[in-house]
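Those protein sequences? They're chains A and B, same order as listed.
Residue numbers 1 to 316, in the numbering used here, belong to the letters of the first sequence in order.
Residue numbers 1001 to 1257, in the numbering used here, belong to the letters of the second sequence in order.
Hints are supplied without guarantee of correctness; some may be wrong.
Said to hold, decoys possible - Where chain A lies over chain B, by a calculated footprint (3+ residues, C-beta under 8 angstroms):
hint	segment
1	1068-1077
2	1081-1087
3	1099-1107
Hints were generated in silico from the structure; no laboratory data involved.
Remember, it's a predicted structure, so these values are computed and weren't measured experimentally.
Here a beta-carbon is modelled for each residue, glycine too, at the ideal position from N, C-alpha and C.
Here is what each chain is made of, one letter per residue.
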Amino acid sequence: MDFSILWTEFFGLTLDGIVVGAIYALVSLGYTLVYGVLRLINFAHSEIFMIGTFTSLGLSIVFGFTGLEEPLGIVLFLLVFLVMALASGIVSGMSAVLLEFVAYRRLRRRGASRLSSLISAIGASFFLVEFYRLTTESKDWDFPRMLSKDPIFSISSAYFTLDKIIILLGAFGLMFGLDRIINKTRLGRGIRAVSQDEKTAILMGVNVDRVISFTFLVGGVLAGFASTFYMLFYESTKFNVGFLLGISAFTAAVLGGIGNIRGALVGSFVLGLIQQYSSVVLGYNWRDVVTFVILVFVLLFKPTGLFGEALQRARV
Amino acid sequence: MTKLLEVNNLTMEFGGVVALKEVNLHVSAGEIAALIGPNGAGKTTVFNVVTGYYQPTKGDVLLNSKSVLGLKSNKIARLGLARTFQNIRLFGDMTALENVMTGSDSRNKVGLVGSIIGTSRSRQEESLSHSRAAELLNFMGISHRSGQLARNLPYGDQRRLEIARALALEPKVLLLDEPAAGFNPQEKVELGELIKKIRDAGFAVLLIEHDMSLVMKISDRVSVLDFGQKIAEGTPSEIQNNQKVIDAYLGVVDNAS
Chain A
1 MDFSILWTEF FGLTLDGIVV GAIYALVSLG YTLVYGVLRL INFAHSEIFM IGTFTSLGLS
61 IVFGFTGLEE PLGIVLFLLV FLVMALASGI VSGMSAVLLE FVAYRRLRRR GASRLSSLIS
121 AIGASFFLVE FYRLTTESKD WDFPRMLSKD PIFSISSAYF TLDKIIILLG AFGLMFGLDR
181 IINKTRLGRG IRAVSQDEKT AILMGVNVDR VISFTFLVGG VLAGFASTFY MLFYESTKFN
241 VGFLLGISAF TAAVLGGIGN IRGALVGSFV LGLIQQYSSV VLGYNWRDVV TFVILVFVLL
301 FKPTGLFGEA LQRARV
Chain B
1001 MTKLLEVNNL TMEFGGVVAL KEVNLHVSAG EIAALIGPNG AGKTTVFNVV TGYYQPTKGD
1061 VLLNSKSVLG LKSNKIARLG LARTFQNIRL FGDMTALENV MTGSDSRNKV GLVGSIIGTS
1121 RSRQEESLSH SRAAELLNFM GISHRSGQLA RNLPYGDQRR LEIARALALE PKVLLLDEPA
1181 AGFNPQEKVE LGELIKKIRD AGFAVLLIEH DMSLVMKISD RVSVLDFGQK IAEGTPSEIQ
1241 NNQKVIDAYL GVVDNAS
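Construct the entire structure; sequences and hints are all you get.
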């Protein structure tokens, strides 16, 4: 164990922790929103994210940026990046809606137990992973560096590069947008009403099927945007990219109290920071061990998470 | 008077137990109809069947002369049946205003994309929902609770909020399930006035209530259920003098009080 790096690199690790946490947050919202309305862990959500990374990658190939040597100009980059993010958001969002339709809706209509849906979720996840393994030749795919990673400015050991700034601004913009949708639109009220009491919501005229489709769409779109941010930051993807990222985002949602939106956000940033700090103290390879330990400990000792009360009430 | 809600020959069995047997009821425009009967007589089951929560074993439910059997509950609610619950079922983590807006949301038409990008029509609908919800809270006398979470409201205001939320659906018939439960005599009088005001505003009311003085004072017509069967129907004074009813129900209450 080496704590000295932790102190010298503290600001840099903190910045990276927040950037990674922002990506987790966008993905963990999908877990938490779906759990809210269906009481189901959508284990295929990590694959919705993975589909997004390949959508961004595919566009970079279509645009002819493979093996790009010079970064793009900032205006062109922003344009290209916006197209990629929107495309990944749309593809992931539609995939999530389709997933719900194929893997969950019929089970729900027949009043199947939650366990059946959970098994269906895992099955859907395996299907998507294996499908992408075969179609992407199970190799690592590099994403071109379209943007210079020279720092714009720095605070102590925290080097603010353009990609980190874009990810942070984008992620916070999306979180703000989600907050508006959830709190200020009728579909958001529908989501909250169904999360709190589905039977009463139906009797108040809420179309639950529509609310559920919409929830999957929102979760998928956020995961799609997150996948483009991920590609910009890590510059690589693979068919199983969703697994560890999904586990981290899921852990973040559980840490915050699954079903609770604010909890998912706080949990994501806390987890992002813990991962960064522990990776220098214990070694980078221990990062995922730390994630799993947190997941197990939260489930054992505080299953409601940091902000779990709302869900406990909603379960009645 | 046009019959808004008709229940024809309704039979409801739960695995051999007969909860309702060939019950006929109706609610006409502009009236307060009451449904009374001892505990377990099947009153709430009637509400659960007409709102589509249960599928009846036999019989039919007509809303505006059209059968609503087999329709989903949210569809029936939109066609004009809104209810409150004996045990209050508000959305506790939403504000009073949001609870009422959830009721009126089903009347709005702007879809997904419109409400996300905030088209002028979606903003118009949103502000209309908002002002209608505020009006309803005012109508129920709880406008000062508008921004408070429903679960933090005092008991009586929660009951009033449930009625406001149901009214937001602009129902043809409002179904009230024991709205006076837990109220003191003064509150019951106020509630009675309020229900009359709701009727006069153009909503027909079907009322389940145990408090006989309230029922007899405000109802235009009373139906009595006993062991899942309708044993009497008539004006409050007819019901009070009906021997069958007195035997089954009122006699007991009279002796007790």
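| request: Can you take a look at whether the segment 1081-1087 of chain B is actually covered by chain A? Rule is 3+ residues, C-beta closer than 8 angstroms. | output: holds (count 3)
| task | Verify the coverage statement for the segment 1068-1077 of chain B against chain A, using a C-beta to C-beta distance below 8 angstroms and requiring 3 or more qualifying residues. | result | holds (count 4)
| field | Given coverage of the segment 1099-1107 of chain B by chain A, tested with a Cβ cutoff of 8 angstroms and a minimum of 3 residues | value | Holds: 6 residues of the segment 1099-1107 of chain B have a Cβ under 8 angstroms from chain A.
The structure shown violates none of the earlier numbered hints.
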